[in-house]
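> Each chain, written out:
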Amino acid sequence: MKTKRKGVSYAKWGYIFIIPFFLIFFIFSMIPMVDTVRYSFFEYYRSGIKEIGPNFIGIENYKSLLDSDMIKYAGNTLIMWIIGFVPQIVIALLLASWFADVRLKIRGERFFKAVIYLPNLIMASAFAMLFFTMFSTNGPVNSILMSLGWIKSPIDFMGSVLGTRSLVGFMNFLMWFGNTTIMLMAAIMGISTDIFEASDLDGCNSIQRFFYITLPMIRPILAYTLITSIIGGLQMFDVPQILTNGKGNPDRTSMTLIMFLNSHLKSKNYGMAGALSVFLFIISGILCFVAYRITNDSDPDGSKAAAKRKKKEERKRRK
Amino acid sequence: MKKKIVSTLLVAAMVAGTLTGCGSKNNSETGNTATGDAKDGATETAVASDGDEGKVINIYSWNDEFRTRVEAVYPEVEETSKDGTVTTLKDGTEIHWIVNPNQDGVYQQKLDEALLQQADAPADEKIDIFLSETDYVNKYTDADADVAIPLTDLGIDPDTDLANQYSFTKVVASDANGVQRGSTWQCCPGVLAYRRDIAREVFGTDDPAAIGEKTKDWDAMKTTAEELKAKGYYTFSSYADTFRLYGNSIANSWVQPGETTVTVDPKIMDWVDDSKEWLDAGYLDKTVKGQFNDDWNKAMGSSSKVFSFLLPAWGIDFVLKPNWDGADGEWAVTTPPQEYNWGGSYVHACTGTDNPEHVKEIILAVTADEDNLLKISKDYSDFTNTQSGMQQAATDASFASEFLGGQNPFEYFAPVAEGIQMAPLSAYDQGCVELIQNAFSDYFQGDVDYDKAKENFEIAIKERYPEITEVKWPE
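Note that the protein sequences, when read in sequence, are chains A and B.
For the first sequence, this note's numbering begins at 9 and goes up steadily by one.
For the second sequence, this note's numbering begins at 350 and goes up steadily by one.
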């Protein structure tokens, strides 16, 4: 106890307190992740109750994946994501700007916030079950349409490519637009009211205000929404899985990448599933990077571009 | 200094807490595949010999069917807890029922995990009995896998003790060398169940014998279908309804032992062609796709236009009856166009059991004793696995069913059971049967052409079974 103390540093406690997280992350996320990558180079599956492998086979798994219809499933995933995302972001932007607009003074804002968020609380599988029953050929939707006299014979929603994909997209839209709305509302309310007031004084109408003030100001949050939605979209599986009973009917056109992964896991094919996961990881990495670059302008106020232009002009003048 | 110790302890406690929390969850829920790393030393127990039976019998199944049968006929049963998870026997031994649903292969997944850990599990957690269905019984009776004990090792001689069983059920429960590794109390001959009111309207009679003449083979069936169509009725509900009849008469198994090629039998392609023809001709209801879904269930209701269903005994009791919303006595059964078997639950003694005596007693009581089997037939309308008993039931008026308007269904079940030629099985049957129906359902709906449907089946089957390298189609 005779050592001299040179001031007290509390920094180490910060590290000590985050050790549990990193330890758990390491054991339950890092090791499985590394294992996934490792097994992707092995032949390793179960036949009946006999385990085959693991035998090292190099990049065979990757090769056979590229030979398979993986690209088609990626396309399916993308199409269904777009069908869901476009209306989701449009409606969410519209709702968010209405709710956040102080001059509209919408009453019961909290109530509506809760209501539009509600679909997200329902389990996706329960939601899909519900839709499956409602839109089945002898289901309530068809009976209502028929009794209204709008259609003569029942529509086979889940038997057509468009029908199935639209249903999946519609469900994803319903489930996620509330979440997005609330996030965008927070972003819009974070914009200083001074700017809005100033624009009012300058005689800006509401459409101009939305496009020239609101949208540019919430761009970081929009980027975040886009990125999380892309990642979520890539992992889309619960809704189409339940809706099509894991088969991706019709003609495997609603089979998503994760459903493809799942059908490999039916035979505990860790090798193939691992290879597919690595592909997914790379794809989502690239997509995130692109989305980030598009939306996160490194030159928000145009000053860099202006500086560049100036330089150019200067150079010209000197010549 | 004190502070330091306290906070270090806190951190340690936190880490320990979270770790143990996750650890135990991992073990119980996802089934840790690591072989006994965290297990205590005292786990390995040798299989108990006579008189040294374990205290817990673990039985894996997918519903309470087997439990009700055991309760009904096993004399040692004392009582079952209200939630149905534990049955106590008179000597104090407890039967633990581990039930996982059959849907989406959940039951097999859980069972497989447990079987892989069987060797390391403590005696009271070892599986003692497990059940399997005809669709995947082959996977568990496999001689190399050796998870089901040969009956002779238990002290049951199939030739004498099970002499009265239908022989095809014994073949189904045997491995490739002909060693029987399971036994069943039920036998599932299928019949044709039809609506009496529709029969009266279209044919002027609802007499099972007269209708049986119209449904006795496929040619007669087609003429009947035409008559039904003229009055606006469907013969069957879905193309999947007839699959079992074709699928059960294939000449060679889907995959030959030791091969990695799926061979599609010509019979299956007959089913595809006939189904397409029937569907296009309007004999089947286009809106019903597959079985065990909402549309199929509704097709069994009183407002549906479907004349008949091809169902075994359990199907009439478990499927048709709950879905029928009219009065009793509106259905009857008669001869199907082709003999077939659908389903059947096999009881296996699990390798490593610590209760061999109890297991043997239970298997004998539920699947071999003729009086017990007749009792099951009477109480649960099962068609049970006793040849002489079923012949007796066929002529016994006390087996008449109210639901079938006083008809004795055993009169029609028994001859079918005797005529069943069980198709050779393979461990891949379940996937093949499920996936081929799914692949061609797109073709029936007109979404894809014939070749595309074939291609889709090839993709799907290779996905399900990575070892499959090729699919051979009949010429």
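Quick caveat, the hints were computed from the structure, so don't treat them as lab data.
On a predicted model such as this, the values are computed, not experimentally measured, just so you know.
Check the hints yourself; a few may be wrong.
The list that follows gives simulated cross-link-like pairs (lysine to any residue, SDA-like), each with its CA atoms no further than 25 Å apart [to be verified]:
#: 1; chain 1: A; residue 1: LYS274; chain 2: B; residue 2: VAL782
#: 2; chain 1: A; residue 1: LYS58; chain 2: B; residue 2: THR501
#: 3; chain 1: A; residue 1: LYS274; chain 2: A; residue 2: VAL98
#: 4; chain 1: B; residue 1: LYS803; chain 2: A; residue 2: ILE266
#: 5; chain 1: B; residue 1: LYS580; chain 2: B; residue 2: GLN794
#: 6; chain 1: B; residue 1: LYS709; chain 2: B; residue 2: GLU679
#: 7; chain 1: A; residue 1: LYS160; chain 2: A; residue 2: ASN150
#: 8; chain 1: A; residue 1: LYS276; chain 2: B; residue 2: ASP728
#: 9; chain 1: A; residue 1: LYS58; chain 2: B; residue 2: ASP728
#: 10; chain 1: A; residue 1: LYS80; chain 2: B; residue 2: ASP728
#: 11; chain 1: A; residue 1: LYS160; chain 2: A; residue 2: SER174
#: 12; chain 1: B; residue 1: LYS459; chain 2: A; residue 2: LYS160
#: 13; chain 1: A; residue 1: LYS276; chain 2: B; residue 2: GLN605
#: 14; chain 1: A; residue 1: LYS276; chain 2: B; residue 2: THR501
#: 15; chain 1: B; residue 1: LYS801; chain 2: A; residue 2: SER76
> Now tell me, hint by hint, if it's right for this structure.
Hint by hint, here is what the structure shows:
Among the hinted pairs, LYS274 (chain A) with VAL782 (chain B) is consistent with the structure: their alpha-carbon atoms are about 16 Å apart, no more than 25 Å. Taking the CA atoms of LYS58 (chain A) and THR501 (chain B), the gap is about 24 Å. The hint holds against a cut of 25 Å. The straight-line distance between the Cα atoms of LYS274 (chain A) and VAL98 (chain A) is roughly 38 Å, outside the 25 Å bound, and the hint therefore fails. The suggested pairing of LYS803 (chain B) with ILE266 (chain A) holds, with an alpha-carbon distance near 24 Å, which does not exceed 25 Å.
For the proposed pair LYS580 (chain B) and GLN794 (chain B), the alpha carbon gap of about 24 Å is at most 25 Å, so the pair holds. Note on LYS709 (chain B) and GLU679 (chain B): the hinted pairing is violated, with a Cα-Cα distance of about 42 Å set against a maximum of 25 Å. Proximity of LYS160 (chain A) to ASN150 (chain A) is assessed by CA-CA distance (about 10 Å); at most 25 Å being required, the pair is judged to hold. Restraint check: the Cα-Cα separation between LYS276 (chain A) and ASP728 (chain B) comes to about 41 Å, which exceeds 25 Å; the hinted pair is violated.
Distance check on the hinted pair: LYS58 (chain A) and ASP728 (chain B) sit about 39 Å apart at the alpha-carbon level, beyond 25 Å; violated. Pair hint LYS80 (chain A) plus ASP728 (chain B) does not hold up; C-alpha atoms about 53 Å apart against a cutoff of 25 Å. Of the pairs offered as hints, the one joining LYS160 (chain A) and SER174 (chain A) holds, with about 22 Å between alpha carbons and a cut-off of 25 Å not exceeded. A hinted pair counts as satisfied when its Cα atoms are at most 25 Å apart, and LYS459 (chain B) with LYS160 (chain A) does not qualify at roughly 47 Å.
Note on LYS276 (chain A) and GLN605 (chain B): the hinted pairing holds, with a Cα-Cα distance of about 22 Å set against a maximum of 25 Å. The straight-line distance between the Cα atoms of LYS276 (chain A) and THR501 (chain B) is roughly 33 Å, outside the 25 Å bound, and the hint therefore fails. Among the hinted pairs, LYS801 (chain B) with SER76 (chain A) is consistent with the structure: their alpha-carbon atoms are about 15 Å apart, no more than 25 Å.
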